[in-house]
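Numbering-wise, the sequence shown is residues 171 to 372 according to the working numbering.
In case anyone wonders, no lab produced these hints; they're calculated from the structure.
For glycine and all other residues, C-beta sits at the position ideal for the given N, C-alpha and C.
Since no wrong hints were added, every one of them can be taken at face value.
Ranges between beta-carbon positions, derived for each pair: (1) 357 x 203: 44 to 52 Å; (2) 304 x 370: 14 to 22 Å; (3) 219 x 366: 23 to 31 Å; (4) 225 x 263: 19 to 27 Å; (5) 310 x 233: 30 to 38 Å; (6) 232 x 311: 27 to 35 Å.
Pairs of lysine-lysine residues, derived as DSSO-like cross-links and limited to a Cα-Cα distance of at most 27 Å, are as follows: (7) 223 x 268; (8) 266 x 223; (9) 266 x 317; (10) 268 x 317; (11) 317 x 275; (12) 317 x 343; (13) 223 x 275; (14) 343 x 275.
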Amino acid sequence: MRFFYLILISSFLLPFLAFSQIAQAAICIGGGGLSITSIPEFQLFGNSAVSTKDATLSFAFNEAIYFEDMRGGILNRNNRFSLYVTATDFLDSQTKEKIDLANLKIATDADDRIEIMACDPVTQLVIHELEPNAFIDADDDGISNNKILITGIELPSTPKPKGPFGNFANMGKYSFQPEIELTIPAYTPAGTYQTQLTFTII
171 MRFFYLILIS SFLLPFLAFS QIAQAAICIG GGGLSITSIP EFQLFGNSAV
221 STKDATLSFA FNEAIYFEDM RGGILNRNNR FSLYVTATDF LDSQTKEKID
271 LANLKIATDA DDRIEIMACD PVTQLVIHEL EPNAFIDADD DGISNNKILI
321 TGIELPSTPK PKGPFGNFAN MGKYSFQPEI ELTIPAYTPA GTYQTQLTFT
371 II
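Please put together the full structure from these sequences, using the hints given.
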């Protein structure tokens with residue numbers, strides 16, 4: 171799933187009357203898939219003035235990325251998963267000027283945690299980027315190498331609940347909000363620069 175970052179070089183009042191309280195409940199049934207279910211389509215990174223010195227912008231996603239593991243089986247070497255991201259160089263489509271993606275860093279979540287949205291027991295997760303770390307473009311083609319943000323791992327060898335088709339211990343629906351840092355090199359020409367981030371789960 172893809173969305174774009176953009177760098178640039180009203181409020182409503184509703185009456186609320188509460189007459190009753192509503193409780194909602196959900197059940198998670200295994201046999202589904204592994205997927206990213208929602209990402210923000212666009213994030214405005216911020217703005218910076220042309221400068222003779224490097225400038226760093228920090229930004230946390232204001233919308234979450236949602237993913238789920240609904241396969242409902244024990245994680246092993248064949249069905250562990252990784253959620254990773256790639257980035258492209260920041261490019262001004264008008265002037266063709268660019269900011270190399272090596273200046274871009276990402277952390278998995280601004281608060282170093284993955285929110286559990288539904289299902290219990292859940293897949294065990296490992297967060298890989300607790301601090302913003304730079305993307306790498308090993309072949310210098312303008313698209314970064316994969317950067318793993320989250321993995322699903324094996325549960326400890328403890329008794330696990332079973333369903334009619336076997337063991338359904340590993341399910342979950344989650345969200346996270348990455349943190350971004352971008353260094354704008356000194357003397358970067360004025361313009362509107364855009365990058366594309368692609369999130370993949372497999």
